[in-house]
Structure formats: structure tokens, C-alpha cells
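A.B. asks: Listed below are the residues making up each chain.
There are 2 protein chains.
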Amino acid sequence: MIKVALDGMGGDRAPRMIVEGAAWASQELDCHIVLVGKERNIQKFLDKTDYVKEKISIKPANEIITMKDPAAVSVRRKKQASIPVGIEMLKNNEVDAFVSAGNTGAVVCAAALKLRTLPGIERPGIAVVLPALIKPCIILDVGANIVSTPMHLFHYGLMGVAYSKYILGNPRPTVGLLNIGQEESKGTELIKEARHLFEKTDMNFIGNVEARDIYSGKFDVVVCDGFVGNIVLKVTESFAEVSGKFLKNELTKSLLPKIGAILSLPAYRAIRKKVDSSEFGGAPLLGVDGRVIIAHGASNAKAIKNAVRTAMDYVKMKLNQHIIDDLKKVNEQ
Amino acid sequence: MIKVALDGMGGDRAPRMIVEGAAWASQELDCHIVLVGKERNIQKFLDKTDYVKEKISIKPANEIITMKDPAAVSVRRKKQASIPVGIEMLKNNEVDAFVSAGNTGAVVCAAALKLRTLPGIERPGIAVVLPALIKPCIILDVGANIVSTPMHLFHYGLMGVAYSKYILGNPRPTVGLLNIGQEESKGTELIKEARHLFEKTDMNFIGNVEARDIYSGKFDVVVCDGFVGNIVLKVTESFAEVSGKFLKNELTKSLLPKIGAILSLPAYRAIRKKVDSSEFGGAPLLGVDGRVIIAHGASNAKAIKNAVRTAMDYVKMKLNQHIIDDLKKVNEQ
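Chains as they are written, first to last, in the working numbering: chain P, 1 to 333; chain Z, 1 to 333.
For the record, the hints were derived by calculation from the structure and aren't laboratory data.
Heads up, a few of these hints could be off.
Treat identical chains as interchangeable: a pair holds within one or across any two.
Pairs of lysine to aspartate or glutamate, EDC-like flavour, derived with a Cα cap of 20 Å [what the hints assert, rightly or not]:
{"no.": "1", "residue 1": "LYS38", "residue 2": "GLU88"}
{"no.": "2", "residue 1": "LYS3", "residue 2": "GLU54"}
{"no.": "3", "residue 1": "LYS218", "residue 2": "GLU241"}
{"no.": "4", "residue 1": "LYS55", "residue 2": "GLU28"}
{"no.": "5", "residue 1": "LYS68", "residue 2": "GLU183"}
{"no.": "6", "residue 1": "LYS68", "residue 2": "GLU210"}
{"no.": "7", "residue 1": "LYS328", "residue 2": "GLU39"}
{"no.": "8", "residue 1": "LYS200", "residue 2": "GLU88"}
With the hints as extra help, turn the sequences into a complete structure.
C.D. replies: Right under this line is the structure:
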């Protein structure tokens, strides 16, 4: 049975939401979950749920890295916090994957330090599946590494393609570089040099992608540096949230639109489901030698359950081995 | 009377939409419009409209810079194209402002070469007012300059504040740096150094802004480099368009949601009006010694009319003189 370590103390609503997500996963998924964190605190919340006893255990970790702690410092100083303890379990093969909704910087830092990167990969990258209004699109990096070289971007592309191929089942994913124009002449030196690296391979590289095409369903994998990717993700979140609230406000201002809104509920539910990050659950930290899944800080129980499911797919599909093999093939070309 | 040169050949639907926008402006606004471009072509479309004859004239320009032409090269080679001709008129004080929905790179390039920058300003920046779901927020640069120094970002902040103050009427606008976290320790060296420049002044600087707060109404001016700003703008556009289509599709799938949608029409109209870029019309290219307004390539007649109105505000409010004065004050501090 796949064994997943789950950071019990990370996330805006930890440990309660994390524990509830674990309990839900224990009912639905065929895996064992090790909740990492303050034992008594976790047990207290666990007792309030209807969890499957033989599928959940607790690994004590008595320190906490908060969302605001500086990443590198806290990982070095708080060795008994849930993040380093969980990563250590992964390193020692006590578990098959680690899931955290906690401090992303600390997770990336602990993973890079303890697990190291896969052979040939220089920097890890966080890959997110964007709201699939038309077709799912993977974007990476969204914040593991904010200063990239052309080779980092190339590796992101290769890893994103592997994710799209082996986890999402696209036989020959298209991959593009996020840029401010489609023309070759446009963009920074970073992007122009990365472009050359892609063009040398037989990947299904389609050149520059404009941000206006991200949600168009035209591309399977969009590559960018972690700074830009993080902005793309958060701008979308922000706009979806604020425009949703605005529409709701307008719909409830007077009686007719209110009745209209009630009749239209299935449509609103459909779009909410599409843009709801809890449906996706978790984003893999690709490129480290181990399976680490980063969940949204605002994760609810459903998001945590889905992040555990993502971790299981990651393990089952042997994604890291595929990445190593694909990189070897490219280097031999 | 304020005189505005309008690029008759620039934009996805030029010259028709541009001419229709000019005709509309001639009816509504107290200004004279000089349409720059192929005379016969423009006159043909003009004759189909109900324009105010004494408020529109044509300045012949017989070459065309297309949306795909490389900016710097085309400005040097096509001296008789509408963009360089319009900018030249502005330089010679034949008009008070220049509006173009054409090739943005070419407009920026022609303006920087011929008009030069305002004293003390190193690079121009395009400032856009984002959809005001809660409160209007100015973001700059959105693509004039893709490789920025800390001083460029600082000047963008200063110019954005002047825009917010003198055109939008905010007495003391808040200004922030777009970053991937609010903490001082986060972000690139570029942002950390720019932060120090802002902190030395008495501007209402509130530190780092996360992309998730862009639409929250918390900030008046958001500063970023042109690459990132361009991505923010286009991601929003893309998501708004695709999610709007998705919702429409869901609403018309069956009878009840369809009836609901009809009852809710005022709510949809309200949000569409808020996110509709034609309501804003144009984005000023701040920092050049002259008033240049860049309109969206997909501008319709209304967007063009509104861009002319923005140009008039720019002239009336003496924004460039305020920028020069504000920069002097900051340098004396």
C-alpha cells in the first residue's frame, strides 16, 4: 500500500482541515497516511472524524514552521518541525510521498537540501494544472525558483511534458515558452536562449505562448520562471474571486436577477467547480529526488484529500523515473 | 481647442473602427481630431459616418506599420507610416496628443526616439487602469520596457502616483511593488533595490503587493517591469474572456438556466461593463516628452472614442509638468 506523509501543521487552517482531509482520504483512497505534527493536537481533531483507523498514523514533530517564517533559516533551525521531519521520512524511504499545505519556500528548501535534485536537473520547479475551462494546461515553475537560467526553463519544459504525458495521458503534449509576444524577436534574453534549447530537441515545442492564450486550451505545457508563474497563478485567483463576488453582489441586488440566479445555479456550480483549486488539490515539486506535493495554503479538506490522490498518481506513474529517462534521451540526441 | 492626432491605420480593425471612433468623438468631445493615414481610404470610411466636419481632418501618411513588423526596424525604415508621422506632428507641436491602436512596440520606439524622455526619467512606461471591480488600480509598466533597473521601477511608481493623483483624483495614492510575497525578504534583487528607493521618499509606499491583491482595491498604483505587467494584463483578459464564454455556454445548455440568465441580464451587463477594455480606451505612455496614448489592438469605435477622451484629460491636467515637478521634489529630499 502506498504510504503518504502529510504535513499536519501546514496551511491556513491547520491542523483541523488537514486532519479532516486525511480522514476523508482514508475513506476514499487506497493508501496509508502518516500525519506529521503535534501528536496530541492532531489526535484531538482526528477523534472528531470518522477516519479509517488502520489507514492513518501519526509521526510526532514538535516544532512549527509558520507561513511567515523565512524559508532557509527556519528549515535549518527548526529541525523538529513537520516539514523537515516529513522530508526526512521521505529521504529514508519510510514513505513514498510527502504532502504539505505549509510554507512553500520551506518545503522547497528542505526538499532541495535533503533529497537533492534528480540526476541532470539543476533546479526543482512547481507544476500547477490551471483551471481547465477548455482543456487542462500545466504551468511551471510557479515559485520554487525565482531566478532562472535558460537551462532551468528547458528542464521545466521537459518535466512538464513528462507530467502531461504520464499523469494526464497526453500522448504528445505541446510545450511553449510564456512570452510577451509570439514573434521570435520578442522577449528577454533568457527566453530567447531557452528557445534555442527547445528547438534542438524533438519535443513538440511550439515557440512562444502569449499570456492571452494560457486559458485558450491551445497548449498542454507552459514554461516560465517562478516569479512570472507565481504572478500568473495569483492574478487568476484574484480575478476569479473578485469578479465572482462582484457578480454575486449584482445578482442579489434586486428580485428578478435573484430569481434568475437561482434558475441558473447549475451553470454557476459548473464554473465554480472548474476554477475551484480544491478540485486539483496539489502541485508536484518536480525535479527533486522524491515525490513532494505542495497544496494551497488555503486548502480545505477536499483539497487535502485530492492532494493525497495526486501524490498517489505521482508514485504509481513512476514520474521521476520517466523524467530521468526522458532527459537521458534528450542529452543523447 | 485641443488637437489630437489619431493613427488611422493601427489596430486589428483599422481603418474602419478608428474612423468610426473619430466620428463618435467628434460628436461627443470638444476637440479636433487629425486622422493620420492613407487619405482616400480614411475618407471613404469617414463618408459613411455622421461626423462633425469641422472637427476632423486628415494628415496623409502612405506607409503602414503592421502589428507584426519588428518595432525598431519599421520605425526607421517606414518614415511615412502613420506612427512616425503622428509622432512627428506631436514633436512639432502641430497637435497636443497622439493616439494609436497600432503596433505598441513601434509607438514606444518612435516616441522614445523622437520625443525623448522627460528630464530625469530614464525609460517610458505604459500605465493601464485595471478593471475596477472594487476601485480602479493603475499598473505600470505593462510592456514599454521589458528589462528594468530599480530606478526605472521607482520612476514608474512616481509617474503612476502622478496619474492617480491628477487624473483619477486620489489625494494621496498608495503605491506598491508587485512581488511574489509581502515579506521584505522575498523577491528578486531588482525589487529589493527598488524598495529602498521608494522607502527614502515621503511617497505613500506600502511595500510589496502580491498578485492576489491586485483586484482587491487595496492599492492605487502597482509597479512592475514591463514583462510582468504585460503578463498580468493578458492573463486577466484571457481568463475573463474564456470564463465568460464558459459561463454563457453553461447558461444556454438547458431551458431553466437560460430563463435565469435572461432575468439576470443587468448583473451580466454590469460586470461586462467593468471588465470591458473599451470603457477605458487608452493607456498613456508615461515618461516621454509628449502625450502619447496607446489603445488596445482590438479596439472598437467606443474604445477609440474613449482613448481620445483620455488624451484630452492628459493634456488638460498637465500631467507631464506634474511628473517633472514631483521628480524634482523627490530629488531635493
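A.B. asks: Run every hint past the structure and note whether it holds.
C.D. replies: Hints, verified against the model:
In this assembly of identical chains, LYS38 and GLU88 lie within 20 Å of each other by CA distance solely inside one copy; the values are 16 Å within and 70 Å between copies. Proximity of LYS3 and GLU54 under a CA criterion of 20 Å is satisfied intra-copy only: 12 Å inside one chain copy versus 79 Å between copies. Proximity of LYS218 to GLU241 under the C-alpha cut-off of 20 Å is restricted to the inter-copy arrangement: shortest distance 15 Å between copies versus 24 Å within a copy. In the homo-oligomer, the alpha carbons of LYS55 and GLU28 lie at most 20 Å apart inside one protomer (11 Å), although the nearest pairing across protomers, at 71 Å, exceeds that limit.
Taking the shortest alpha-carbon separations for LYS68 and GLU183, only the inter-copy value of 8 Å comes in at or below 20 Å, while the best intra-copy value is 40 Å. In the homo-oligomer, the alpha carbons of LYS68 and GLU210 lie at most 20 Å apart only across protomers (14 Å), although the nearest pairing inside one protomer, at 33 Å, exceeds that limit. Proximity of LYS328 and GLU39 under a CA criterion of 20 Å is satisfied in neither setting, with 43 Å inside one chain copy and 61 Å between copies. With identical chains, the CA atoms of LYS200 and GLU88 are never at most 20 Å apart, being 38 Å at best within one copy and 44 Å at best between copies.
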